[in-house]
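All chains should be built: construct the whole structure from the sequences, respecting the hints.
As given, the protein sequences belong to chains B and G, one line each in that order. Under the numbering used here, the first residue of the first sequence carries the number 122, and numbering increases by one thereafter. Under the numbering used here, the first residue of the second sequence carries the number 6, and numbering increases by one thereafter.
All clues given are correct.
Taking lysine-lysine pairs in the DSSO-like style, the calculated list, with each CA pair at most 30 Å apart, reads:
| hint | chain 1 | residue 1 | chain 2 | residue 2 |
| --- | --- | --- | --- | --- |
| 1 | B | 125 | G | 135 |
| 2 | G | 257 | B | 266 |
| 3 | G | 30 | B | 597 |
| 4 | B | 266 | G | 154 |
| 5 | G | 135 | B | 301 |
| 6 | G | 135 | B | 266 |
| 7 | G | 44 | B | 597 |
| 8 | B | 673 | G | 154 |
| 9 | B | 125 | B | 266 |
Hint data in this document are derived by calculation from the structure and do not stem from the laboratory.
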Amino acid sequence: MDAKHDVLVIGAGCAGMRAAIEAFDAGADVAIISKIHPVRSHSGAAEGGINAALGNASEDDPEKHAFDTVKGSDYLGDQDAIEILCDEAPDDVYQLENWGAVFSRTDDGKIAQRPFGAAGEPRTAYAADITGHVLLQVLYEQLMKRDILVYDEWFAWKLVVDEDRCQGVIAWDLMNGGLKTVGAKTVILATGGAGRLYVGTTNAYACTGDGMTMALRAGVALKDMEMMQFHPTTLSPTGVLITEGCRGEGAYLLNSEGDRFLKRYAPNAMELASRDVISRAEQTEIDEGRGVDGSVLLDLRHLGAEKIIERLHGTRELAMTFALIDPIHDPIPVRPGAHYHMGGVDTDVWGKTSLEGLYAAGEVACVSVHGANRLGGNALMETITFGKRAGRHAAEWALANTTVTVPEGAVSDAERELRELLDRDEGERPWRIRDELATTMHENFGVFRREEQMQRQGEIVSRLRERYERVVVEDKGNVFNSDLTQALELGFLLELAECMVVSGLARKESRGAHARPYDYPERDDDNYMRHTLVTWEDGRPQLDWRDVTMTKWQPQERKY
Amino acid sequence: MPSEPTAAAASTNGALSPTMDVAVKIWRVDPETGERALKTYEVEAPEWVTLLDVLDIIKDRVDGTLAYRKSCRMMICGSCGMRMDGAAVLACKTRMADIVAAGHVPVISPMGNLPIVKDLVVDMGPFWSKMRAMKPWLQPGYEEPPEGKEYHVSQERMNVIHKEALCINCGCCVSECNSMESDPDFLGPAALAKGMRFVGDARDGADVERLEEYNSEHGIWDCTRCYFCNERCPKGVDPRDAIAKLGAESIKHGIDRDMGAKHAKWFVKSAETTGWLRETELVPKTQGVVSSIMQIKFAMGLARRGKVPPPFPPHVAADVKEARALRDIVQQQGREGALGHVQGERALSYIEHHTTAGNRHAPEITPGEEPVNRDVGERP
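This is how it looks when you write it as structure tokens:
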């Protein structure tokens, strides 16, 4: 064992850093492992804001926030978890502000809040259009203040499980090479999402579902994996995110006829309907020939130059750099793109998984507060509130338990597996498999889903997994071998794709992000107000179900 | 060269984007031996690709051992700082179409002022150490946030640190910092911009302690004001402006022991008394009497060649009243310290520059420099 800690956090985005800070403040010896430096984490790309019922822009309260979230989830969110999120959100946001987060301000100097999709009140606290960046910075500042140890650029690869307890992590040290073992009484997964399963995603290259697959391989269930959110405004052609904040500030979505087409899909909320609704509307427009080169248009022009520069500066910069369009003068071409995984590692409301000592928080986890569709602004809030809760619980448990053992076999098995991969000289380079996975997932498991396409995708993924067995890493060196880590990332993605297909086929209804207009166009509460749960047994995904937790909201028809 | 389209090239509705042939030269550095070689790569790529996309294609199809950092590919994570033709850029922000059209083959090398690890990867350790040396976390003042909620701060007051808060820690400014090249311990533009982010924050109560520290050796007055940091920053942070604001704040708080501060103060004094810079007094005011006496011989030499105007009688500028009026306005408006700082031209041109985003010309062509590698092999 190279090191030992009470609490080890894997991943250093908002959830990971918030968890580490909480565990540290609870008195635990805590360290973070991250394959990229903390401020490089993809939380920083969150633009629009963070939802909390502060009531700075209107009368608001946590119960309204909870109802919007329950409805937004298409009644697949667990209502006890949603109530916790919405109740704790305001104080958690105040704390971020007190730590120094540079929020935008109201006229009376309070945290500014803007309207966001499917929210009944202007509830999204923001820092211009760089909210995630600002939060990531403030959390890293607090990390430095506490001098919390970060194993920076260590690639976590395997969880160490001994005596039915998670007791550490085996990681590849990118800078120096070699496998390192870090023992821990509790491990918190905070590795984010898996958007790299898709071509045309908003997600960073780092978002390869590492934590989800590590948990799956350790015997933990993944929940609601079919629920991948497609964000309605991703920039053509690269897929980078154009914030929902644009629509929050009043931008229009237009088709090729210059028509605000949402009047036919969400006549009341229009551009501020929920993301699944708008993505389907856009895809329908595009499929029916009213798109513009495979996109629709996001029009900001009527907002005026001043507002665009002040509140949507980053968006303008993205549009100008990647699409050569200045939104002050021209509309931005956008289309739905894979953005956020509502599904993930099955946890309770303290981030605990079914494996003793293993926790998960943030996008990697599925508590579930987002159900079948996440509301914009709720992801950052989840990272903070559930990062905090996981950090606290993991620290308390670690401080009450003493031993950590890493069995010799775990390390030598990992060494052998790695050596086998590095020694292989004949075979296929990973990029073809990666690209085929991403294009076929987009085609066959996208905004709209058909039975036969999902089945075909299942076959495609199994063939890709067979090809992956013979994948070749060209770089055999020890120093910054990203060829190796990228190959391992592809391994993570392939297993997740298989879990998604199995879950998607099983859910024979349309709910939130899982839309089956051709065979099961309606939501079926009698049979499917249940979470899918996938575990990995004998190299195959196994499916199970669990009822949604309800507290006070009965399912209603969902209209915007 | 492989002719299959990349998944990136196949747009998601199935149509293929037009492609182009891209050539780049990359300084490869072997991490074990420190040996380096300039290699040329040619690949086919969609017309919209950035430098980062090109590196990806090379790594996938030509040479899997190529090393560089990347993550968000949308100018927010700060991973992919590197040099193109000797000047720092974010690879993900650098579109290739115009460069290809100009027939230019750019030279890609790692960032400067940081030890090279492998190929385009540098050791960011010194960067983060300097960042941490700024004690970059809010140290609340006496004021408690009302009702246990947020501090009440006007947007106007927050705007003071808006640009500094944009920093993504990519290191492009540090790469091009001339001061750091001669003094590797200079805190540097990124760390000092972070310092200004707290000094300028109305909620922070440790201004004076911070300024005292930033005024020490290797601090703000070591900046040579070459403005390369402002020039190369991909996010418009304008670190040099942040350093200037720290200087102004220091003087406002009476922290003026450094020669740099004394120098600056004399400029102001000189301008408001005679409206003219009085060089003969500048040296004693900045460096002190003893140092000035030691430089008399040099000064006489300058005077003989007509480089120093005679000190007496003092030359008073015709429009000195304007200079004084300006000083009065600054004082009346309470714009001493950072608030009196006039935003640099770079900041204004930033908005201007981008309105022609589509028509940017290829960067000026300069031969690629061989990367300087201070301490290969000394990495911990």
